[in-house]
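A.B. asks: Protein chains in written order, with my numbering: chain A, 270 to 435; chain B, 566 to 673.
Calculated from the structure, these hints are not laboratory results. Here the structure is a predicted model, which means the values were calculated and not measured. Be careful, since some hints might not be right.
[As the list claims (entries may be wrong)] These stretches of chain B come out as covered by chain A in the derived footprint (C-beta under 8 Å, 3 or more residues):
| id | stretch |
| --- | --- |
| 1 | 603-617 |
| 2 | 642-652 |
[As the list claims (entries may be wrong)] Quick list of the computed label-pair ranges, beta carbon to beta carbon:
| id | chain 1 | residue 1 | chain 2 | residue 2 | range |
| --- | --- | --- | --- | --- | --- |
| 3 | B | T655 | A | I419 | 15 to 23 Å |
| 4 | A | L410 | B | V615 | 16 to 24 Å |
| 5 | A | L410 | B | E573 | 40 to 48 Å |
| 6 | A | M342 | B | R660 | 14 to 22 Å |
| 7 | A | M323 | B | V615 | 18 to 26 Å |
| 8 | A | G425 | B | I665 | 14 to 22 Å |
| 9 | B | T655 | A | G391 | 41 to 49 Å |
In this text, a Cβ means the ideal position worked out from N, Cα and C, and glycines have one as well.
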Amino acid sequence: MDAILFLLFATIAVVCAVNLVLQKHPISSALSLVGVMGSLAVLYLLLGGEFIAMAQLIVYAGAIMVLFVFVIMLLNAGTEQRTKRHLWASYAGIPLIAASLGLGAYIIQRALPSTEGVKFGGFQGGGAYEIGKKLFEVYVLPFEVTSVLILVAIIGAIVLASKEVN
Amino acid sequence: MPQLPIPETAPISWYLTLSAILFALGVAGFLFRRNIITVFMSIELMLNAVNLSFVTFSYKLRQVDGHIFSFFVMVVAAAEAAVGLAIILTVFKNRQTLEIDEVSSLKN
Chain A
270 MDAILFLLFA TIAVVCAVNL VLQKHPISSA LSLVGVMGSL AVLYLLLGGE FIAMAQLIVY
330 AGAIMVLFVF VIMLLNAGTE QRTKRHLWAS YAGIPLIAAS LGLGAYIIQR ALPSTEGVKF
390 GGFQGGGAYE IGKKLFEVYV LPFEVTSVLI LVAIIGAIVL ASKEVN
Chain B
566 MPQLPIPETA PISWYLTLSA ILFALGVAGF LFRRNIITVF MSIELMLNAV NLSFVTFSYK
626 LRQVDGHIFS FFVMVVAAAE AAVGLAIILT VFKNRQTLEI DEVSSLKN
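Work the whole structure out from these sequences, hints included.
C.D. replies: Here it is, written out as structure tokens:
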């Protein structure tokens, strides 16, 4: 059951990622990216990361993608122009990519031949309680630094976006 | 009912393979696309692939540290998206284009 769930959502993620790279219009790419993030959130749940799965859905698939779609709509981004490709690139490209991806997958499977299976509920320490405890005891300094980072990002975005063009 | 050839649970290596495949697709989009927004989305795809690796190793080691790393990656990605999209807005206001080949002032 766990393997079937993994295969289902891994297939959705890979198909959406391929669609992201291949689509000509940015809106189609953005919607494919939402599909990747949603299926990755399900995989995080399988791995026992409830907090990370929810953060993925809310922060990534919610906030960041809304920002992307907003900018695409605001700039009225159209389809991108294609340059003419080499003849062999248009024929050999997809088989070569498939071959290299298959080779990479084979190498990883050979390097880790008998890893343990991921069982749902096999790791219980991924809830908000455990993450908060670790975040405020061990990683408190990086956590505070990220607040400064976010502040700098807010100020930078406002300054950049509100600059007048002369 | 015949037994399916797939195992009961998905091994750790399958998750790492999926992470590698997503990262490679992100690199391909980053290199081959010419729309600046799509290039930006490819970077987000790569960050997501790395997050999957972090969470997988966190499961393997039974420690929550990997979740915290991927949490920090999300924070950095949010800041990067805010600043990067503001830069894209400024570039578009100045040049009326989103093609990365036409924005080449820093080249030579």
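A.B. asks: Within the stretch 603-617 of chain B, is the number of residues with a Cβ closer than 8 Å to a Cβ of chain A three or more?
C.D. replies: This one holds; 9 residues, not fewer than the three required, reach chain A with a Cβ under 8 Å.
A.B. asks: Does the Cβ pair A/M342, B/R660 satisfy 14 to 22 Å?
C.D. replies: 19 Å, holds
A.B. asks: At the C-beta level, are B/T655 and A/I419 separated by a distance inside 15 to 23 Å?
C.D. replies: 20 Å, holds
A.B. asks: Within 41 to 49 Å: is that where the Cβ-Cβ distance between B/T655 and A/G391 falls?
C.D. replies: 48 Å, holds
A.B. asks: Starting from the hint 16 to 24 Å, judge whether the C-beta atoms of A/L410 and B/V615 obey it.
C.D. replies: Holds: the Cβ-Cβ distance is about 22 Å, inside 16 to 24 Å.
A.B. asks: 40 to 48 Å was suggested as the range; check whether the CB atoms of A/L410 and B/E573 agree with it.
C.D. replies: 42 Å, holds
A.B. asks: Is 18 to 26 Å a correct range for the gap between the Cβ atoms of A/M323 and B/V615?
C.D. replies: 19 Å, holds
A.B. asks: With a C-beta cutoff of 8 Å, work out whether three or more residues of the stretch 642-652 of chain B approach chain A closely enough for the coverage to hold.
C.D. replies: Since three or more residues must qualify, the claim that chain A covers the stretch 642-652 of chain B holds, with 10 doing so at under 8 Å.
A.B. asks: Measuring from beta carbon to beta carbon, are A/G425 and B/I665 in 14 to 22 Å?
C.D. replies: 21 Å, holds
Figure legend: structure checked against the earlier numbered hints; every hint is met.
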